[in-house]
Structures are given as structure tokens and as C-alpha cells.
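Please model the entire structure based on the sequences and the hints provided.
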Amino acid sequence: MAGLTPASLTADAPAPAVAAPRKNRPTSPWQEAWRRFRRHRLAVASGVVLLLLIAAVTLGPFIWPVAINEIDFTAKLQGPSWAHPLGTDDLGQDLLARLIYGGRISLAVGLAAMVVAVVVGVVVGALAGMSAGWVDAALMWLTDLFLALPLLPLLLLLMYLFRDHFKRLFGVEGGAFILIVVVIGGLRWMQVARLVRAQFLSLREKEFVEAARALGASKLRLVVGHILPNALGPVIVAGTIDVAAAIIAESTLSFLGLGFPSDIPTWGSVLRDAKDYLDIAPHWALFPGAAIFLAVITINFMGDGLRDALDPRRVL
Amino acid sequence: MAEPLLDIRDLKTWFKTDDGMVRAVDGVSLHIDRGETLGVVGESGCGKTVTARSVLKLIDMPPGRFEAGQILWQGRDLIPLDETEMNKIRAREIAIIFQEPMTSLNPVYTVGDQIAEVIELHQKLSRKQAMVGAADMLKLVNIPNPQRRVHDYPHQFSGGMRQRVMIAMALSCQPKLLIADEPTTALDVTIQAQILELMQEMKERFGMAIMLITHAMGVVAETTQRVVVMYAGKVVEEASVEALFGDPRHPYTQGLIRSIPRVDRSAGRQARLESIPGSVPSLLDPPPGCRFASRCRYVMPACTQAIPPLKEVAPGHKVACIL
Amino acid sequence: MSKMEATKDGALLSVSDLRKHFAVKGGVLSRVVDKVHAVDGVSFDIAAGETLGLVGESGCGKSTTGRCILRLIEPSSGEIWFEGADVTKMDATALRALRRDMQIIFQDPYASLNPRLTVGAIVGEALTIHNLVKSRRAHEERVVQLLETVGLQADHMRRFPHEFSGGQRQRIGIARALAVEPKLIVCDEPVSALDVSIQAQVINLLEDLQEQFGLTYLFIAHDLSVVEHISTRIAVMYLGRVVEIAPARDLYDTPLHPYSEALLSAVPIPDPTVKRQRIMLQGDVPNPINPPSGCHFHTRCPIAKPDCATRVPELRESRPGHWVSCHYRG
Chain Z
1 MAGLTPASLT
11 ADAPAPAVAA
21 PRKNRPTSPW
31 QEAWRRFRRH
41 RLAVASGVVL
51 LLLIAAVTLG
61 PFIWPVAINE
71 IDFTAKLQGP
81 SWAHPLGTDD
91 LGQDLLARLI
101 YGGRISLAVG
111 LAAMVVAVVV
121 GVVVGALAGM
131 SAGWVDAALM
141 WLTDLFLALP
151 LLPLLLLLMY
161 LFRDHFKRLF
171 GVEGGAFILI
181 VVVIGGLRWM
191 QVARLVRAQF
201 LSLREKEFVE
211 AARALGASKL
221 RLVVGHILPN
231 ALGPVIVAGT
241 IDVAAAIIAE
251 STLSFLGLGF
261 PSDIPTWGSV
271 LRDAKDYLDI
281 APHWALFPGA
291 AIFLAVITIN
301 FMGDGLRDAL
311 DPRRVL
Chain R
1 MAEPLLDIRD
11 LKTWFKTDDG
21 MVRAVDGVSL
31 HIDRGETLGV
41 VGESGCGKTV
51 TARSVLKLID
61 MPPGRFEAGQ
71 ILWQGRDLIP
81 LDETEMNKIR
91 AREIAIIFQE
101 PMTSLNPVYT
111 VGDQIAEVIE
121 LHQKLSRKQA
131 MVGAADMLKL
141 VNIPNPQRRV
151 HDYPHQFSGG
161 MRQRVMIAMA
171 LSCQPKLLIA
181 DEPTTALDVT
191 IQAQILELMQ
201 EMKERFGMAI
211 MLITHAMGVV
221 AETTQRVVVM
231 YAGKVVEEAS
241 VEALFGDPRH
251 PYTQGLIRSI
261 PRVDRSAGRQ
271 ARLESIPGSV
281 PSLLDPPPGC
291 RFASRCRYVM
301 PACTQAIPPL
311 KEVAPGHKVA
321 CIL
Chain W
1 MSKMEATKDG
11 ALLSVSDLRK
21 HFAVKGGVLS
31 RVVDKVHAVD
41 GVSFDIAAGE
51 TLGLVGESGC
61 GKSTTGRCIL
71 RLIEPSSGEI
81 WFEGADVTKM
91 DATALRALRR
101 DMQIIFQDPY
111 ASLNPRLTVG
121 AIVGEALTIH
131 NLVKSRRAHE
141 ERVVQLLETV
151 GLQADHMRRF
161 PHEFSGGQRQ
171 RIGIARALAV
181 EPKLIVCDEP
191 VSALDVSIQA
201 QVINLLEDLQ
211 EQFGLTYLFI
221 AHDLSVVEHI
231 STRIAVMYLG
241 RVVEIAPARD
251 LYDTPLHPYS
261 EALLSAVPIP
271 DPTVKRQRIM
281 LQGDVPNPIN
291 PPSGCHFHTR
301 CPIAKPDCAT
311 RVPELRESRP
321 GHWVSCHYRG
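From first to last, the protein sequence lines are chains Z, R and W.
Quick note: the first sequence, position 254, residue 254 per the working numbering, numbers continuous.
Quick note: the second sequence, position 287, residue 287 per the working numbering, numbers continuous.
Quick note: the third sequence, position 261, residue 261 per the working numbering, numbers continuous.
To be clear, the hints were calculated from the coordinates, so they are not data collected in a lab.
Only a predicted model underlies this, so the values are computations on that prediction, with no experimental measurement involved.
Watch out, some of these pointers could steer you wrong.
Computed list of lysine-lysine pairs in DSS-like fashion (alpha-carbon distance at most 25 Å, straight line) [claimed, not checked]:
#1 K134/W / K219/Z
#2 K57/R / K139/R
#3 K35/W / K219/Z
#4 K57/R / K16/R
#5 K124/R / K176/R
#6 K206/Z / K76/Z
#7 K35/W / K89/W
#8 K206/Z / K35/W
#9 K206/Z / K275/W
#10 K203/R / K275/W
#11 K203/R / K12/R
Following this line, the structure appears as C-alpha cells:
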């Protein structure tokens, strides 16, 4: 209605009407979101730290070309020094090198598990959201079923049952990696599915989707061209949370001995090895712990920033 | 007539936003006398709602602020008052009803509770007495079965009924001024007619003044006595309703009146509606000089240099234009 | 394939006893407990080149009718004849082809444009869907042409909807509808959400386009002043049924149905010197889930008689071109 005013007592500042587009360059909603994200100083700072972390683990081996499994009993359990900036473990292996290597794995697992969870979640959620009736009901029943499963015990059980099998198929590292990613991702897609379904249910009724139908758009075009791009906001936020959760899950698994095997360092497995030496060599546990903490907290802060930046109420 | 009931003098309510300072209300002066109905008319973004909310200080103060001006209620400036003092004025002296009654009423409380709450707060009655008062108010606004409906929830009422409930709430303490912010815009036209008639009835019964904010010229013509036309945060014309429609002086008012199709014009079908080209300028960075200059058909170089002041061109008829 | 076959009586669009019920689900097993009779037996014709106004208050079913015509909502029963074919019986292929002949403009300029697409993409989408242009260059040229037709500029193509005002967005929506060169456009409250001075701009635009392209409009609105201005004929709806159809001027000069009379008298006139006798209707619009029996209007009708509650009035031609559905009027 013309002259529509918000009725709540805490009215937002009235939006100034613009005669012509006020910026010289067209700004897409994504660019606007980026602008809003930049204003969250904590999120931006976290983003920077995370980028440094990623740079460290990818470029690290070139800057610090020390072997991860060079055993040197003379240097065992040493604290930080020039030769070993993060100290050594009980076999004299350099911790910095191990953590760099382990970081790659931990972050890769986090990212890959998130991708699995998001892809499965989007497909399930989109199917459920687009079709009414029994398909939706069946998919939601499946989702609820998965949600009811106890995650950690199931994670452990699956790892225990299938680890050797995958090791034979894909090799030690590859097998462990794939299994962990599939298992973690496969147990985290439900939240994404629910989010996507909720978004689809509401977006389906929007007039611009109706307009596309009126133009003769096929269902596929509606989903891919109109609904999905507008549904992605909350999914991206959920995705960042999934990365953090996956990193913790992998660390937990490795800590409990059911993740990657001993000789492959990940942050969780290093932590596991270090736990018996906490009083003698606390640095051994401190650094991987700090690394996990840093990764997770920066991702979570970024997630907060993204949530505000991508708030669908602002964009639509 | 003594001093006006409400006298807004050069009010400036600005909002700090990420893009800059939005000058929603930028030097607005108007007054309402006891018992009269003043129409405040303008299109979206002109500042009429912000003006109304400023009177009751319902603006969120972190982004919003009173940059300048006074709001004199019976001679007393409301701007410096704190919340406790303002709460004595709200509902008891000045009441407000909004456009969308569904969002103005709390959905989890019965309407009886909500009206009774107002009565309890301001008249120091017990809950039981207040509920009786609430049922009386519902009866007053012609809601059938008031004793029973006082226990119903807002969603059980239709749009028109909810607006009546809002009016009942607003009138429960018999205020001297009722601010109605687009009270009928969201309603069907037959219900609108009912609500406007109800407001007129209430006004006569309680001797209230009404500040009716709307963008609908038809409503203004039928219910108000004096009109203030706002554009881009400023008042551009003020006149009695007959003078405004009979002899509009400001080019914006003229354009507005001419762009409305009329149901009753029996002189054949109008060939084309006159429209005002362009659109409202940004309130972030208002142009110097007259804000209507970019859309005015009579624009002259002098228009863009200085803001024309509101001057009286006939008794009670003020215009902000150099013509 | 010739599309020049005439439909019933030569009308471009002919709606016959259209009904749409929405099921209300309730109870533990989500059974259908009730039905909303949104459209309850609507019939009218639209001749090529004319504008039929469809007016009524909220809940009368006018928007639902508009959407049923395009089969954006599936009708429950009834027939919709467009150029010799029954729209309600069309399969997916025929329906897709129909989209090139019938289009729609929406009410809300903020919700009817995809915020993530550029204006060019929005306007040009139909060209892609229906393969209407052969090259990229032709596509771009056509989009520019459409934008200029509605009063926008070529460089607006790359911008996004949120950068435009309500009136401009509505123009974008119009350009989008014009892309397929339709014959009929359903205008669903196209100016209700706009400021008064912008309403006039858009109405003028719609009228110009009608003349330029020989368009036919079904103009749905609740603002009677606007409808009277733009329509050739007007149909008044109440609670899912048509109560009166007449040429615009006749409806306003001599409304026959008591509801039309009340509706017209309730419209505020922007002229303080005009004093009118208002016909006040009591009460609210009844619930479309449980509409009153017989004539739907009898509960609020000032001239209701006992048999109005038992017999449904027929839509009869009372005067040439002026149809009324009332036992005692016309």
C-alpha cells in the first residue's frame, strides 16, 4: 500500500527514496553483503587470522622444510627453541612441521566434510521444499531419523567398522580421509536440509517466483535460477559452522584413536599423543590445542559476521 | 481560542545511518487547536510518520535524534522530558493509533487485557474495574457482544474490528489529542468508511483533537478541517481544507490533486491523469533550495538557491514557494 | 498455426462458472475439514482491446480469479476460453505456449523482482525461455528496447532491483510482461503499493502501452477511482461471486446492485465541497469458509428480503451491457 509505515514502536529509520540509482557502479546483493561484512571488525579480523592459518599450512612446508617424522631421540621433549620453534615430541620429531602437516589434513577434512554436508543437505532440502506431499514427508522423516541418531557413538562405530576396509581400497591416508569426511559430512547434513527446505517453502510463494512461472519457466529454472540463489544465505552461515564442527569431530576421532593412524599427524592425533606428557612437556599439547581453538573460533566469528551480512531480511 | 493544544516549532528529527544523516523531518512547524482535525498529507518518505512519532517521542533515539525545534504540548516543551514524564502524557493526554493493527496488538494477550492494561496504568484502578472499563470501551466502538469479545485474542478479529480495538485502547483514557497514522490505509473501503465515521463520533463525544496522517486526499477532504502538506521533510502548504482543494497554491499540492482519478467526475472520462514527473529526492543529501524544484513545472533559477520560507498568502493559508 | 479463431461470441477471453476452493486442513491426521470458497462461480467475457476492471474488497476472490486465468493457481472447476481453446484443459506444452499470449503484472514492486538478478536478466528471461531471439546481440537490443518502452534507460540493464524506487520497479515488471508480446495482461493491483503521484505515471504508461500494442487488460484493483479511469467495463465481485458487470460510466452513474452502491458511496472524494449520502454497510465481510446461504450479500444488504437467504440470484442482463445478480434490482 502506498505510504506503508512500520507499525512497531521501534520503527527503523525511514529509507530515503532514491530518484535514480545512487551509486555509479551497480551493486549486486552479494556486493552489498560484502560491504556489510566488512563492517564487522571481529569477523574481518578473524578472517585475516584464518587466512594466515591457511597460508601457514599450505606454504609452511616450503618455508620450514623439516621432515615430520625425523626421529631424533637426542632432541626429545624439548620446549620451543630456535631449532624447533614449537618444540619436539617424545620421538624428537619437530612439532612445527607436524602441526603444519596436520593442519592441512584437519582443515581439508573440515572443508570437505562441510561440502558433503551442504551438498547432501541442499539436495534433500530442495527436493523436500519443492515437492509437496509425500516426498516432502518422506524426506523429513528421514531427516528426523538421522537427527535422532547419537552422533559421537555412531561416528566411533562407523570408523571402527569401516576403517580397515577403506584403508584397503584407498590407501592408508586416503582411506582414512574419505571415511572421515563421509562419516562427518553424512551426519551433519540434516540441519542444512531443514534450513534449505524452510527457505524453499517460503521462497516458493514469493511473487518473483510466481512471475517466473508466469513467464513459462521450467521447474528446474525456478529452482536453480530463482530460488537457490536466494536461499543460500543461511546455508553459507550453516556451512561455516559445519567446518568448525567437522574440525572438532576429526580432532575428537583422532584423539580417541579412531581417526587417522598414529604416524599421520593431525591436530587431534598429536593431542592424543601428548596427553600423557602434560606435566613434563605441556608445550606438546598446548600448540595443537591452540591451533584447533584458533581455527574454530575464527571460523565461528566469521560465521557471525556472515550471518548479519547475509540476513535475508535485509536483502529481500 | 487560546494557545494551540499542540504546537510543533521548527522540528528537526534526523537519523544517523550508515550512508549518512537522513533528515527525515527538516524544519517542520504546525499546530493543532483544541477539538480540530488536522490532516497531515504527503507521500512516502515525506516525514509525516516521523513527525507523528516525534510528538510522543516514540523514535528510537540511537539512530534518531532531535536536532532542533520544540514540541509544545499545551505550552510545555516535550523534547526535554524524560521517560517517566512522557509516560504520563502518553495515552492519557495524547494517544496514537497505527496503520497495521495486527502488529500493534500483542497477539498473546486478549484484547481485554490490553485495554485494561492502559486503564490500569493511567487511572489507578484495580484489574477487575479495568476489565469492566475495557468492555465498556468495546461497546463504545460498536463491537457487538463486548462482554464476550473482551476475552478474545487479536487474531480472532477482522481487520476493521482490530482497528476499532486500537481506537478503544487509544480512547480509554480520554486523551485530548488522537494521532492517527494512516488508520484506514490497510482496510477495505467500506470498512474505512465505518472507521472514519467512528472516529468522528468519538471526536464529538470526547471533544478530542485529531491529527490524521494519510496519503489519501479523499480521506483528507472528507474528514479534516485544516490540512498540512509535507514533502521531503518539510511543510510546503498549510490551509483550511476548502482552501487547499479549492485554491492549491504550491505546485506539489496542485500536482497531487490533479493526479488523482475521481470517481464522481461526470464530465466524461478524463483522457489522461496528470502526473508529477521524477521522484522524491534523497533525504540523505537534500538539494539546496526548494526540494520540489527538480519536479516543478514552474521552476526558476532562484528556486534552487534558497529554501523558500512558509509565508502566509491568505488568512490561514501558508505556502512555501516563491510564486 | 492460426490464432485468429474466435472464442465464444468473439471475446478474447471467456470465463465460465469458474470456481476455486482451497482446502483447510485440520485435526490430527490433517484431513480436509473445511473449504475456503475463494472463487464461487465467476463468469465474464473480455473483448480484444478492452480493459475489464475487476473490483472488490479483500477476500472477494479477484486476485485468485486473475491467477486462475493464467493457471498459476489450478481452478477447481469451470472453463476459461482463450482464443478457441479451454485453458483449464491444456497440457504442459500448450500451457507453455499460452504464456506467450497471457502475462501478469504484480502488486508488490518489492517482492515481484528477484533481488539477485540484474534488471536486464529479469526483463530478458522470457526471451531465453521461449527462444524468442537468435543472438546475444539481438537479445540485448530487445531488452534495451523494452526498457525504453516503459520509460527506463539502457544502462539500467546492469543494475539490481534494490537500486530503484517502487514506481521504477513496477515499470521493470511491466517490461518483463511485455517481452513475450502478449495479447492479454492481468494487472493484479499494479498501482496499489505506489504513491499517488507515481500511480498516475504508471496508469498513464499502461494506457499508452495498450494503445501502442493493442493490449487487452484485466485490471484487478480495490481502488475504485483508479479502476473507473482505466476500465472500459467493470465487474464487481463480492465473496467469490460477480454481482454486477457494466460499462465503467454506467456503473458509476447508476449502480444497480446494493453492494456496488454501498461500495461507491464509501469511496472518499477528494473535494470537500461535495457532500454525499453515505450508505453504511454494517458489520464485516463474512468468512469465505462459511459464506452466507443464497445471495452472499444478504447479511449486510440494506434491502434484503427473506428469500435472499435461500435463492442464489442469477447474473442477468438488466440493461444492454449491464448485468446484475440480485433478486430485487435490475
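Outcome of the hint check:
no., hint, in the structure
1, K134/W / K219/Z, "holds, 24 Å"
2, K57/R / K139/R, "violated, 30 Å"
3, K35/W / K219/Z, "violated, 28 Å"
4, K57/R / K16/R, "holds, 17 Å"
5, K124/R / K176/R, "holds, 19 Å"
6, K206/Z / K76/Z, "violated, 65 Å"
7, K35/W / K89/W, "holds, 23 Å"
8, K206/Z / K35/W, "holds, 23 Å"
9, K206/Z / K275/W, "violated, 43 Å"
10, K203/R / K275/W, "holds, 20 Å"
11, K203/R / K12/R, "violated, 29 Å"
In summary, the numbered hints that this structure violates are 2, 3, 6, 9 and 11.
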